[in-house]
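*Asks:* So the protein sequences, as listed, match chains G and X.
Number 143 in this note's numbering belongs to position 143 of the first sequence; there are no gaps in the numbering.
Number 147 in this note's numbering belongs to position 147 of the second sequence; there are no gaps in the numbering.
Everything labelled a hint here was simulated from the structure, so no lab data went into it.
Quick caveat: nothing in here was measured; it's all calculated off a predicted structure.
Note that CB positions come from ideal geometry on N, CA and C, so glycine has one too.
Be a bit skeptical, because a hint or two may be false.
Simulated pairs of lysine-lysine, DSS-like, Cα-Cα distance not exceeding 27 Å [claimed, not checked]:
#	chain 1	residue 1	chain 2	residue 2
1	X	Lys238	X	Lys264
2	G	Lys38	X	Lys45
3	X	Lys318	G	Lys5
4	X	Lys241	X	Lys257
5	G	Lys57	X	Lys318
Every beta carbon over 10 Å from chain G, so not counted as near; a handful from chain X, in silico [what the hints assert, rightly or not]:
#	residue
6	Met1
7	Arg16
8	Asp28
9	Ile68
10	Gly101
11	Glu173
12	Asp206
13	Thr239
14	Leu265
15	Gln269
16	Thr278
17	Thr301
18	Lys335
19	Glu386
20	Lys415
21	Ile468
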Amino acid sequence: MAYDKFNILTSTAVPLPIENVDTDQIIPARFLKATERKGFGDNLFRDWRYHNDNTPKEDFVLNNPTYSGKILVGGKNFGSGSSREHAAWAVYDYGFRCVVSSFFADIFRGNCLNIGVLPVQVSPEFLEQIFAAIEADPKTEIVVSLPEQTITIKATGASESFEINSYKKENMLNGYDDIDYLTKMKSEIQEFAAARPF
Amino acid sequence: MSKTLFDKVWDSHVVRKIENGPDVFFIDRHFIHEVTSPVAFLGLKSRGNTVLYPERTFATADHNTPTINQHLPVEDPLSANQLKALEENAAEWGISHWGLGHKKNGIVHVVGPENGITLPGATIVCGDSHTSTHGAFGAIAFGIGTSEVEMVLSSQCIMQPKPKKMRINVNGELGFGVTPKDVALYIISQLTTSGATGYFVEYAGDVFRNMTIEGRMTVCNLSIEMGARGGMIAPDDKTFKYIKDKPLAPKGEAWDKAMEYWNKLYTDQDAVFDKELTFNGADIEPMITYGTNPGMGIGITNHIPDASAVEGGVATYKKSLGYMDFNEGDAMIGKPVDYVFLGSCTNGRIEDFRAFASIVKGKKKAENITAWLVPGSHEVEDLIKEEGLLDIITEAGFTLREPGCSACLAMNADKIPAGKLAVSTSNRNFEGRQGPGSRTLLASPLVAAATAVTGVVTDPRTLLKEKIVA
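Bound-form chain X, shown alone (with noise of 0.2 Å):
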């Protein structure tokens, strides 16, 4: 019977079938952080249960870590309490610790795939929505709660339906200044923020094939602001490449058995999905939102829609505009902006810091911007330093922190303040997400390299064309 690749990868996972109930669901691989892990290794304890696969979890503090001065004790004890317990069960039940301070700390979503961790046909889960970023493997991957971390400590396993298909097309050629953050989030204003809910999501198409694999992490990563449980991509040649002599990837014959499994994720051409959906890649603009979701996005030369024009409470959309300070019909390109905010596990990798400095490269950071560059890794930071682009960003006036999740949830100190407005590269607008009363417009790296040296909203295609001019 034809299969699609998620099929594929589901199926061979599937312990056992309950009828009229979940699958119980093996899970290869398991990252933890310091957050949604603490309550699940009380309850591993509580019940008496033991870790059944310690070398099958890994674990990074990324959270809720400081990006300045990180060889300093963490100031707020909450934190450094978390930061502490993760690094205790870690050394308890014999679990990969990569903490503050080691160097291949960072993001858990940039250092799993840049460690080999990550690989095509595995099954992965960590407790944090985005972890659909390992799709971009050809994996299984989603965001658990912390009752299903202990499951997964406990046993290896979770208790998981399994989710319908979709299959989301993307044909022809991206335009001159839109990436891959720019399609994920055209997908999302198609589709909403509950358009995939009860899905898992293959993307596929030119556009995905052309993709650089940091990309399709980009993409992939932003499957769950679609409400879909995960995307995947089928891996091909260059996943392949990217995988091969990673620290922790499959050497020698373990590497030749594991491509015979590979090289068969791919989706049988007849399979069927239970919803695909088609775009033109020549449809994308580079794109902002306007709102408090993700799904309240826009090409950046569009004006606000007016409530009649959006699907969906009309009361809901004018909560959210009067949250944003915003009015319907108002143009995005220059509104004046104070924060920018480069990284997260979104697009905190070196591509993004390449397409950040191709923009400010011989420009200055405008007056009225304070600007965070985060790198996703050390590992990103230190390619960031043998290519160059220090040097580049530091000419142009800006700074660069040390690896963490830090703005995009503001967990740590930096959070921007009340009122004030952000273009950040992260993955969420939601109101307060980026600290209470902050007001976040998503975007792609370029488009915050662009706004950062003007100080107001700006289509980065103005900038790239300067360039190539001169």
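Bound conformation, chain G alone (with noise of 0.2 Å):
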């Protein structure tokens, strides 16, 4: 098993009503001079979490006890900017088990399903009712169901469902990534590599 199973999340959710965060927001490029994947979650949004004398910013969500949780609700287009896996194992590091967005950037996606981390792609209209939802009152649960596919929030029973391929749903379900998968498909991989003609 490569990493945690995710069935059903209920929790809490942090709010980040930005557009377009990007991956160097998440965690800038200065960090990542780690040669070990761990303690990425200290340093997640860390030039919004902290002044640049490493005192934190009191208006930044995350300094904000009000508001805490395993979902990060974030804006549209969220991810976007570079490949660094290091942005999705500080999402997971500092405790998130699912991201919602209206919008993925594909490689931040792609990383977050190979790590363990859901992305909950919902409409424009359902994130600005979580988000309310989140302003109305910060306890308010969500309520992440990956077998059922539905993303609903608890207290008023609103409900949507997500996107994600069967293949990746398994994977998910069960703890499995790709590395599992490929492991097994050595010789037929060896077999294919042979007729390249390059």
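Mind docking these for me? Both chains are given alone in their own frames, and the hints should help you get the complex.
*Replies:* Set out below in structure tokens:
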């Protein structure tokens, strides 16, 4: 098993209603110098979270004790920019298991799926409903059901379904990853490689 | 059945199709660098796997390397540690390694094409989003995450759903002083940073046909900045001429065999795209960005748009201008600048240095400007010297640094200080991208050069015209 299984997640959520949150904001390049995958959560949203002298920026949502939970809710085009998987690692290491947005950048979405963080794409209208529900009550719970492929605002009962291909869904339910799959295909791959022109 | 260029290359690399899932996709060429590979090697080991085809992976150090005094030990212990990890992993698995100090060292997306590793019809990946650069040769090339780096090391495959297809046509001729960088920034400004998400782009039309191979690399490089997985241009005689005789390109019979394949790499006439866009080259001005993503670009003579005139949330837009310390309606020309950065995988090739030198020749660097001129590789550095460009830029008061990614992402010591404004030929103007608190204006090498000699944002056409008249 390569990572945590994901089934049904019921949690409060942290709102970040900003569009085009890029991977340099999620984790700035100067924190990519590790040779092991640990401690990236400390630098999640580093420059939005801390002043240059490392004191917390009080108005940033991660520094506001009112908000907490395993679900991060971001604005449109979340995760644009670099391919650094460190961005997904930082999200995971901080404690998030699910990111909700109305639109994800491709590579970030793929990186999340590869490490067991579920990206949930909802309609812009539903995203607004989630932001409104959290604003009305920061302790409101969101239910993300992978088996049902639904996301529900518990307090209002409002719900929407989301897409995930059945291969990735199966992987996440069981905690398998692509490498588990590929290593079983070795001879088929070798046969293919032998026929390549270069 | 009619196929696009993208279909032809993609379909011929599918090892297995998974129903309701991704394709098992074979990778011909894999580049690795010091930042996104160490954890992949750890994963490989912890699972007890081995590198399946070490000869298909190429390592170079670039993201985290100093651009002065490269002959001395790297000062930052964390950076030094990453470089050491790359060297050790490459040695352990028999992977070619062009580390710091090697004569072939340089930015991965510059040295790959220079050495003939990048080939038409190949599939190329790297743990770096600007891998799209290699699409200039008619390859399918894109950035991957570290989990996928591990997949390629252990199986030479990744698992990818096939993206949708978009064709972007730019027809007609480009105006005076308009470069490939401007074409790319223009397209991104029209599409936004998410306009091509989910798509793989083919660039077509006169403007790309007439473009040099290096210009095509600049355009394909920036494909990711409109959200596209990658971008590609059908290979032609220019492409083949560029590749022939490169050190690692096929030779003799292997070349002839490759040419048979390469000659079929074009989009069939009636092939269908999921989306097609057409622009007119004559509409494009020298471009500059004013905000905190590459889609926030305008013609250099324009003023910063009002929030009401742009798509997307007003709050996000105002936050962006607030960070830049700009106002709606501001003119870009004349804004005082502190730093100029020439370099990166976007604009760190010889043609970029020629363009820069053409403007600064016979002029002097403005006193308020700190300029960092960073070649993309030692080969570029050597050409700068051979062609006499070093003399021109030195005479104008500039110095040349050593190759690397440098201030593009500021992982090394080349950081633009907080609050300072930089005109950069790189690819991203995100908040803090070039150093915490730094502010970036993306532009072409011509705009960078014009700004470097005047000290303020300057339309390069005014200086180029002066030269022509003189």
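*Asks:* Hint by hint, note whether the structure agrees.
*Replies:* Hints, verified against the model:
no.: 1; hint: X:Lys238 - X:Lys264; verdict: holds (15 Å)
no.: 2; hint: G:Lys38 - X:Lys45; verdict: holds (17 Å)
no.: 3; hint: X:Lys318 - G:Lys5; verdict: violated (40 Å)
no.: 4; hint: X:Lys241 - X:Lys257; verdict: holds (16 Å)
no.: 5; hint: G:Lys57 - X:Lys318; verdict: holds (19 Å)
no.: 6; hint: Met1; verdict: holds (22 Å)
no.: 7; hint: Arg16; verdict: violated (7 Å)
no.: 8; hint: Asp28; verdict: violated (7 Å)
no.: 9; hint: Ile68; verdict: holds (18 Å)
no.: 10; hint: Gly101; verdict: holds (20 Å)
no.: 11; hint: Glu173; verdict: holds (32 Å)
no.: 12; hint: Asp206; verdict: holds (29 Å)
no.: 13; hint: Thr239; verdict: holds (15 Å)
no.: 14; hint: Leu265; verdict: holds (12 Å)
no.: 15; hint: Gln269; verdict: holds (25 Å)
no.: 16; hint: Thr278; verdict: holds (24 Å)
no.: 17; hint: Thr301; verdict: holds (26 Å)
no.: 18; hint: Lys335; verdict: holds (23 Å)
no.: 19; hint: Glu386; verdict: holds (31 Å)
no.: 20; hint: Lys415; verdict: violated (8 Å)
no.: 21; hint: Ile468; verdict: holds (39 Å)
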